[in-house]
Amino acid sequence: MRLLRVRADAFLCKFEPQMDPRRHVLQMDRRSDFTSYLPTFAIAKDSKLMFKGHGMLAPFTAGWQSNDVHPLGSYVYDINGNKYLDSLAGLWCTALGGSEPRLVKAATDQLNKLPFYHSFWNRTTKPTLDLADDLLSMFTASKMGKAFFTNSGSEANDSHMLCSLRRVATIDTIYVALTVIRHSHLQRITKNCFTLCYVKLVWYYNNALGRPNKKKFIARSKAYHGSTLISASLTGLPALHQKFDLPAPFVLHTDCPHYWRFHLPGETEEEFATRLAKNLEDLILKEGPETIAAFIAEPVMGAGGVIPPPKTYFDKVQAVVKKYDILFIVDEVITAFGRLGTMFGSDMYNIKPDLVTLAKALSSAYVPIGATLVSPEIAAVVDSQSNKLGSFAHGFTYSGHPVACAVAIEALKIYRERNIPDHVKQIAPRFQEGTKAFAGSPIVGEIRGVGLILGTEFANNKSRDDPFPAEWGVGAIFGQECQKRGMLVRVAGDSIMMSPPLTMTPGEVDENNSSLSGGNNAPERTLFLMRGMAKHSFTERW
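In terms of the numbering used here, the numbers along the sequence shown are unbroken and rise by one, the last being 542.
Just so you know, not all the hints are guaranteed correct.
Below, simulated DSSO-like cross-link-like pairs (lysine-lysine); rule was C-alpha separation at most 27 Å, straight line [claimed, not checked]:
no. : residue 1 : residue 2
1   : K311      : K352
2   : K126      : K113
3   : K143      : K311
4   : K113      : K83
5   : K323      : K311
6   : K215      : K322
7   : K352      : K316
8   : K322      : K286
9   : K316      : K278
10  : K215      : K126
11  : K83       : K462
12  : K278      : K323
13  : K484      : K83
14  : K425      : K311
15  : K388      : K286
16  : K388      : K425
17  : K215      : K113
18  : K352      : K436
19  : K413      : K388
20  : K105      : K413
21  : K243      : K278
22  : K388      : K436
23  : K83       : K215
24  : K143      : K113
25  : K425      : K436
26  : K286      : K323
27  : K143      : K323
The calculated label-pair distances, taken between Cβ atoms and stated as ranges, are [unchecked claim]:
no. : residue 1 : residue 2 : range
28  : K462      : N419      : 34 to 40 Å
29  : F116      : T140      : 30 to 36 Å
30  : E290      : E377      : 15 to 21 Å
It is worth saying that the hints were derived from the structure and are not from the lab.
Where a beta carbon is used, it is the ideal one built from N, C-alpha and C, also for glycine.
Build the full structure now, drawing on both the sequences and the hints.
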């Protein structure tokens, strides 16, 4: 099929000489539906774009890296000066754009004042305590009692597992001595640390309550919670499990709440949500409620394809979790600070969590930082248990780093002062409706999203049951066409995803929609040729 694609491009070039037949030859193996692709022609076209033989083992990558060197607002420039609208905000994270001077100043001011001090042994810094107070006051979906700082979402999610075993004390001012996390690879600072924190905390909490059998976690198929051993186990994407001997045996997965793809014939969204809640309860009963520590969910699934749930899904799921005394962890790494048009995703879906994961937009990704928020009840149990043992033996060198906290404090000020959630509400209809304008395309199966996050899934004849052959790389073709038009999107299999900076202007939204519309034409034309060539066995004749 890959050969077929190349030949289809060669055929097109007879009529359109400006089209490079190499542009759709993918350097990466498409077996992973998680990673975006880079056309191999970039290497030959300009060697400055690639660093062959570089010393970096790059995350989620096969092949060479392109080099993006200069951000400006919602745009990024590569080493050759090409300008791109960054419609993924880096990795769902540069919520305030790539050149916010107030965040740079906050970092440099703190570097000049106190570049580092730890939060161990009843010591910490003022920015660390101030940020904890800010976060606890901002999150109002349910009362939170303590903040635990990490460097990424994965570490924070891991730490939640600890809490299932033990609860952290409610203190008026929050000592972040509990929260230090090793500085992991700079390119994955948004989720890995969180999972480590959640998992350990949940276990610690349950052990303190005399429930040592409550060790299992339930996550969802197609979810993404990070790439550490535990967070990758919670993640419901096969690419993060294959050849890593994952998921861990204490992690279970239940249904993905994607109505378009998984509903039964004639089933309404309400009935679909009811069925998924029933399936979750059946799984809990099968395993034994006394063995289930926590359930974890993103308000809107991100890397799994941008999947908003049915309206009543979380109401039904929370009722099941509460019935069996299972902690609810909400992963707000992508949805927090205005992404959906509310300050937190929990506000939109009436989620009342016991623990919350934050990262990415917390500092607009200018410096690595994440946070785990825990309820007063969990805080009290953890504090009591740690007093008995003499310490809460969990923490990392860079947790609550003063520079990261100073930048995050300034980011939170900007979200409030500029009323970013309200701004998102105002421009979201333009963003969503402009993209959905080409929903009638015969190769578009579904366009879905909320606020400033959106996913487009391609399907043959618009049918969920008739996917394109994986070898055709439909999503990659579309992503390359968008890049040619000066826009970067996330590609995952036969889907593309967007999550632009929250500061996006109406003009930038129009540019985004125009690039998407233009990017859709070439894939339609190429796929039409591919279909015809496959049907008539052109491969054998060439």
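Status of each hint after checking the structure:
1. K311 to K352: Holds, at roughly 15 Å.
2. K126 to K113: 11 Å, holds
3. K143 to K311: OK: K143 and K311 at ~23 Å, within 27 Å.
4. K113 to K83: It is violated: about 36 Å lies between the C-alpha atoms, which goes past 27 Å.
5. K323 to K311: 21 Å, holds
6. K215 to K322: 17 Å, holds
7. K352 to K316: 12 Å, holds
8. K322 to K286: This hinted pair holds, its Cα atoms lying about 17 Å apart.
9. K316 to K278: 9 Å, holds
10. K215 to K126: Answer violated: K215 to K126 is near 35 Å, above 27 Å.
11. K83 to K462: Cα-Cα ~33 Å, so violated.
12. K278 to K323: 12 Å, holds
13. K484 to K83: 10 Å, holds
14. K425 to K311: Between K425 and K311 the Cα gap is close to 18 Å, so the pair holds against 27 Å.
15. K388 to K286: 35 Å, violated
16. K388 to K425: Given that 27 Å is the threshold and the Cα spacing comes to 48 Å, the pair is violated.
17. K215 to K113: 43 Å, violated
18. K352 to K436: Measuring from Cα to Cα gives roughly 32 Å; hence the hint is violated.
19. K413 to K388: Answer violated: K413 to K388 is near 38 Å, above 27 Å.
20. K105 to K413: Satisfied, since the Cα-Cα distance of roughly 14 Å is no more than 27 Å.
21. K243 to K278: Violated, because 32 Å separates the two Cα atoms, which is more than 27 Å.
22. K388 to K436: Outside the cut-off at roughly 58 Å; violated.
23. K83 to K215: At roughly 49 Å apart (the allowed maximum being 27 Å), K215 and K83 break the hint.
24. K143 to K113: With a Cα-Cα distance of about 33 Å, the restraint between K143 and K113 is violated, given a limit of 27 Å.
25. K425 to K436: 17 Å, holds
26. K286 to K323: 15 Å, holds
27. K143 to K323: Roughly 20 Å separates the two Cα atoms, so the pair holds.
28. K462 to N419: 34 to 40 Å: 38 Å, holds
29. F116 to T140: 30 to 36 Å: Holds, since F116 and T140 (Cβ atoms, about 32 Å apart) stay within the stated range.
30. E290 to E377: 15 to 21 Å: For E290 and E377 the Cβ distance comes to about 19 Å; the hint holds.
Of the numbered hints listed earlier, those contradicted by the structure are 4, 10, 11, 15, 16, 17, 18, 19, 21, 22, 23, 24.
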